[in-house]
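Peer 1: Could you build all of it, start to finish, from the sequences and the hints given here?
Residue numbers (this note's numbering), protein chains in the order written: chain A, 1 to 206; chain B, 1001 to 1206.
Calculated from the structure, these hints are not laboratory results.
Just so it is clear, CB atoms sit at the ideal spot from N, CA and C, and this is done for glycine as well.
It is possible that part of the hints are untrue.
As the list claims (entries may be wrong) - Part of the chain A face toward chain B, derived, beta carbon under 10 Å: (1) V111; (2) V148; (3) M155.
2 protein chains.
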Amino acid sequence: MTETLEAAAPLAIDDATADRLFRTARSVTEWTDAEVTDAHLRAAWDLAKFGPTAMNTLPLRFVVLRSDDAKARLLRYLPDGNRPKVEAAPATLVLAHDAGFHEHMPRLFPVYPGIREQLAPDTEARDGMARTNALIQAGYLIVALRSVGLSLRPMNGMDFDGVDAEFFADSGYRSFMMIAAGLTEGEGTEHPRLPRLALDEVAQIL
Amino acid sequence: MTETLEAAAPLAIDDATADRLFRTARSVTEWTDAEVTDAHLRAAWDLAKFGPTAMNTLPLRFVVLRSDDAKARLLRYLPDGNRPKVEAAPATLVLAHDAGFHEHMPRLFPVYPGIREQLAPDTEARDGMARTNALIQAGYLIVALRSVGLSLRPMNGMDFDGVDAEFFADSGYRSFMMIAAGLTEGEGTEHPRLPRLALDEVAQIL
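Peer 2: What follows is the structure in structure tokens.
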């Protein structure tokens, strides 16, 4: 019945893409040895950057760990369950938000002169805006990384303060998530897909 | 130069889809009179629901306002600038997070027996988890709504407490965003696209 409904749905993208981005995409635990290249990262960002944010604030920042040395700097802040995934993945992105996003606003949101100065005094408000919009951007980035063919394992089990001190001490960015990424052969996981909530369980249509 | 780089990128989706979901998609202000149907909403959710969340918590909830009466209930909580968009759009989704998501966990995350009971006592922690993951899901939902051909205007200028009292008094959901949606002819906005940050401004590759 579900398949019939999905087949009847007015998708504006092709079925293979709907599968790749959403329907058959899985949070994987195994990757091939193929590298995550600069071109992968650039292509993914060149999609994700266009996702809408409030006042075009674009507060998402990230560091990409590919070398063993770089990964080792992250591993010490992870619980046991997440370490093997970072060790196995060709790359891990550590996502963070930048409460200093307002410094870019004269360029990013020129339609509102003075917005940088208006936001500057309220660090707490900026931190909230940055976290909110960076999380939405994390959703875009996950879809964008899949759009360049990567298979992902998003995780948020980590010592955020430790990670911030390790990677973001100078910038003041605050981490909230990591995404292990690489290429897979087959499904990339042995776990069956978990259930999802149906539309009428999450939405009311008035 | 940018176009050359994008053309050279290893996209796993076709260019028309990359445009529709990200590159030429815009936050619009004008829609046609065509309805946003139940089939649009079902098809979009049947994509977005598969986006990964921490422990498969799926805390995003939403109400869809299509009738004039339903829209009128929202309009009173909006600043002047956002009212015309909700009035013009065939549908507006009000997104919220459900701190009571743990009640679904025995079904959604059966691999962790007892997680419902473990989460139950800490309302504040659940509220934070719900908001974090619902925001990531908002990113998925925006891409999914575009995947069924809809053009969107995400907005967060609203009286959240007022909206919660109006729509979520019984459920206890907490609103964080709205998305006006419909079909467009042409770009759907007269505003030029705002600039974006480049990869080397947001990411460090180690």
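Peer 1: It remains to establish, for every hint, whether it holds in the given structure.
Peer 2: Consistency of the hints with the structure:
no. : hint : verdict
1   : V111 : holds (8 Å)
2   : V148 : holds (6 Å)
3   : M155 : holds (8 Å)
Every hint, counting from the list given before, is met by this structure.
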